[in-house]
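Visitor: The lines below spell out each chain.
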Amino acid sequence: MSKDGLIKTGITGLDDILLGGIPRTNVVLLQGVTGSGKTLMGLEVIYHGIVQYNEPGIIVVFETNPNKLVRDAAAFGWNLEELQEQKKLQIVFTTPQVFRHELRSTDSLLLETANEIGAQRIFVDGIGLLNRDLGGNAPERAGFREMLQQLFESLDRENLTAIMSLEVGSAPNSMATVEMTDFLADTVIQLGRNRKGRRIQRSLEVLKSRGQDYETGEHTMHITEGQGVQIFRRVQAPSRAGSKQPTSSTMRSVIGVDAVDTLIGGGIFDGSTTMVVGISGVGKTVLGTQILREGVLKQKTKGLLVSLDEHPAQIIRNAQTLGLNLEEQVADGTIQILFESPQELDVDAHYARIIKLIEEHDIKRMVIDGMTSYSTAIGELAVYRDFVHAIVAYSKQRLMTSFFNYENPEFLGVSSYMPDFPLSSIVDNLILMSLVEINNSLHRCISVVKSRGSKHSFDTREFVIGQGGISLVPLERNLLPPVPLQAYSSLLSRAPTRFSGSKRINGAAAVQDKE
Amino acid sequence: MGRGKPLESTVQSCLDGMGISLLSEWDVLAFVYRHGASLASSDQIAHLIGYESTVVKAALDRLESEKLIERSRPSEEVRFYRIFASSDAGRQRRLQQIVSLAETRVGRLLLAKRLKPDGSNRDEKNNRIS
Chain A
1 MSKDGLIKTG ITGLDDILLG GIPRTNVVLL QGVTGSGKTL MGLEVIYHGI VQYNEPGIIV
61 VFETNPNKLV RDAAAFGWNL EELQEQKKLQ IVFTTPQVFR HELRSTDSLL LETANEIGAQ
121 RIFVDGIGLL NRDLGGNAPE RAGFREMLQQ LFESLDRENL TAIMSLEVGS APNSMATVEM
181 TDFLADTVIQ LGRNRKGRRI QRSLEVLKSR GQDYETGEHT MHITEGQGVQ IFRRVQAPSR
241 AGSKQPTSST MRSVIGVDAV DTLIGGGIFD GSTTMVVGIS GVGKTVLGTQ ILREGVLKQK
301 TKGLLVSLDE HPAQIIRNAQ TLGLNLEEQV ADGTIQILFE SPQELDVDAH YARIIKLIEE
361 HDIKRMVIDG MTSYSTAIGE LAVYRDFVHA IVAYSKQRLM TSFFNYENPE FLGVSSYMPD
421 FPLSSIVDNL ILMSLVEINN SLHRCISVVK SRGSKHSFDT REFVIGQGGI SLVPLERNLL
481 PPVPLQAYSS LLSRAPTRFS GSKRINGAAA VQDKE
Chain B
1 MGRGKPLEST VQSCLDGMGI SLLSEWDVLA FVYRHGASLA SSDQIAHLIG YESTVVKAAL
61 DRLESEKLIE RSRPSEEVRF YRIFASSDAG RQRRLQQIVS LAETRVGRLL LAKRLKPDGS
121 NRDEKNNRIS
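If you read the protein sequences in the order shown, they are chains A and B.
For the first sequence, the numbering used here assigns the number 1 to the initial residue and increments by one for each residue that follows.
For the second sequence, the numbering used here assigns the number 1 to the initial residue and increments by one for each residue that follows.
It should be emphasised that the hints constitute simulated quantities derived from the structure, not laboratory data.
Treat the hints loosely; a few may be bogus.
[To be verified] If we take Cβ atoms under 8 Å as the criterion, some of the chain B residues that face chain A in the derived model are:
1. A30
2. R34
3. H35
4. A40
5. V78
6. S100
7. T104
8. V106
[To be verified] Some chain B residues judged to face chain A by a derived CB distance under 7 Å, without partners named:
9. S87
10. Q97
11. V99
12. A112
C-beta atoms are modelled at their ideal positions from N, C-alpha and C, and glycine is treated no differently.
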């Protein structure tokens, strides 16, 4: 269908789900339980129709006070009174009986009004009420069906695109009403209001839409104060980019330290994805900060840091203590920081915000600091996996260079890269940052255990964190001085080994020999 | 209450200025005002606000003759009812004023006191208006 044949709802995210909009003159059914946002969504389609697309509209309400509709709309900044004065909108209060009569009438006042203001959209709030006093037995249900057909026919005759709300689950014979209405309507949108733990999660699913393709599945819906309804495409939905995945042979430095680049085989390919695995405190965030600064300062690429753990002010402060001035890049927009609390994280909305930032700022390097936080915040393993797959796929499609920090819970030694959910196979590079106990001291070490398409080193190198961030300890200085906890090594690995005199015990003896 | 007298005189002058003398007329006017454009028959309005149809019909006639409401041509028994968009600023101001007053309990009681009850409404008037 051509884009001209579609009307845009104007609701953030919904037109993308509908691949452009709703076919003109379709009858759209918004169905859902009480409080799922049906009235607001219908109202918003009419409002945006008038304000954004110059398509006047009519709102029909049954036995509810239109003033409350006007008041509720005002809370979102929509001035319905003004639109009524401009004769672009007409809110009509009526009863189900009158409405039924009007649809059959050849001189319908409602349709006359629609014609007068040039209405192209109509929203009927609470279509289930039309069935209320018809009764529930078979002949009466047939009467309701006939009445709906008349309604849809007359709206189609007037070239009106109709949006109807239908409350599910409250009236008697609700299921029969829903089935019948679903069958007759051209587009059926199911709005959900589901309890997830102790919170409420809203959702939207297009059940059918005649004359068009659309994004299937359950998407996330938000109602935002001052803004209205927002729909976030589910992260699992496959990309519709269509084109082949691009690839690049350009290699770039990771942090501007030759030794690190050598470890990883000369640098990182553009468009590659890297997992940085290590225990808390080993230096993953510092490495991430350096990666972004390297991109901005030396490669002139914009960066994005996504964190569920640390607030931007704290990230900037911590970087500052190491002489890494992030504030400047954040201020000039070359580095973006997105922080969201893991508390009640809505993964579809979060993903959409990441994508929006990337596209708005043409981000080329991204660091996601804290995959473990996602794992705990999202809760469901399948959704977590889908999120990671989606972000990796998106990153590769845009030829972005992305780094994912993963906090490994194992303090000493690593028996599994990512014990809660193995992701190592979907990334191109795997960097392991470890704490190593030598005598009675912990040392930081870095190893590259995987780097697709590169001839990387398998050496483990010691590094230190100081002014300027991470730097490798030169090989010749990798020797350790005698330690104060004199005679023991491997204390924290629960296998203490006593060192005595000139006897060779583990690495410590070798050190003493050299000295 | 100190404000009692001025409020009473305000209510009375508004009612006089608008030509409303019956409680049923006020109730019908308030219904039309609150519902913007009402597409209904007089019987249905009567049903919704709890008056006899004859009373509502009479009130609608009166309100129309006083240019407080306007109604469309009939489609069988159904008409559009709207508040008359008067160019008389004083009249509009009085209407706004009395609608605001009626949003408070004190205002509603004053209206009930000032307006003549109509014998044919089904409910006890003082209960209904409060």
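Visitor: With a cut-off of 8 Å on the beta carbons, see whether B/T104 makes it to chain A.
Guide: violated (16 Å)
Visitor: Just to be careful: measuring from the Cβ of B/R34 to every Cβ in chain A, is the smallest value less than 8 Å?
Guide: Holds, about 6 Å.
Visitor: Classify the hint on B/V78 as holds or violated, based on whether any CB of chain A lies nearer than 8 Å to its CB.
Guide: Hint on B/V78: holds, closest Cβ of chain A at ~5 Å, below 8 Å.
Visitor: Report holds or violated for the interface hint on B/H35, using the least CB-CB distance to chain A and a cut-off of 8 Å.
Guide: Interface hint status for B/H35: holds (4 Å vs cutoff 8 Å).
Visitor: Can we keep the B/A112 interface hint, with Cβ of chain A closer than 7 Å?
Guide: violated (21 Å)
Visitor: Quick check on the hint: B/V106 CB to chain A CB, less than 8 Å?
Guide: violated (21 Å)
Visitor: Against chain A, run the beta carbon of B/Q97 and see if the smallest gap drops under 7 Å.
Guide: Since the shortest Cβ distance to chain A is 17 Å, the answer is violated.
Visitor: Would the hint on B/A40 be counted as holding, given a Cβ-Cβ threshold of 8 Å to chain A?
Guide: For B/A40, the interface hint holds, since the closest Cβ of chain A sits about 6 Å away, which is under 8 Å.
Visitor: Tell me if B/A30 is really an interface residue toward chain A, meaning its C-beta lies closer than 8 Å to one of theirs.
Guide: With a minimum Cβ separation of about 11 Å from chain A (threshold 8 Å), the hint on B/A30 is violated.
Visitor: With 8 Å as the cut and Cβ atoms as the points, is B/S100 at the interface with chain A?
Guide: With a minimum Cβ separation of about 13 Å from chain A (threshold 8 Å), the hint on B/S100 is violated.
Visitor: Are B/S87 and chain A close enough, Cβ to Cβ, to be under 7 Å, as the hint says?
Guide: violated (14 Å)
Visitor: Report holds or violated for the interface hint on B/V99, using the least CB-CB distance to chain A and a cut-off of 7 Å.
Guide: violated (11 Å)
Comparing the model with each numbered hint stated earlier shows that hints 1, 6, 7, 8, 9, 10, 11, 12 do not hold.
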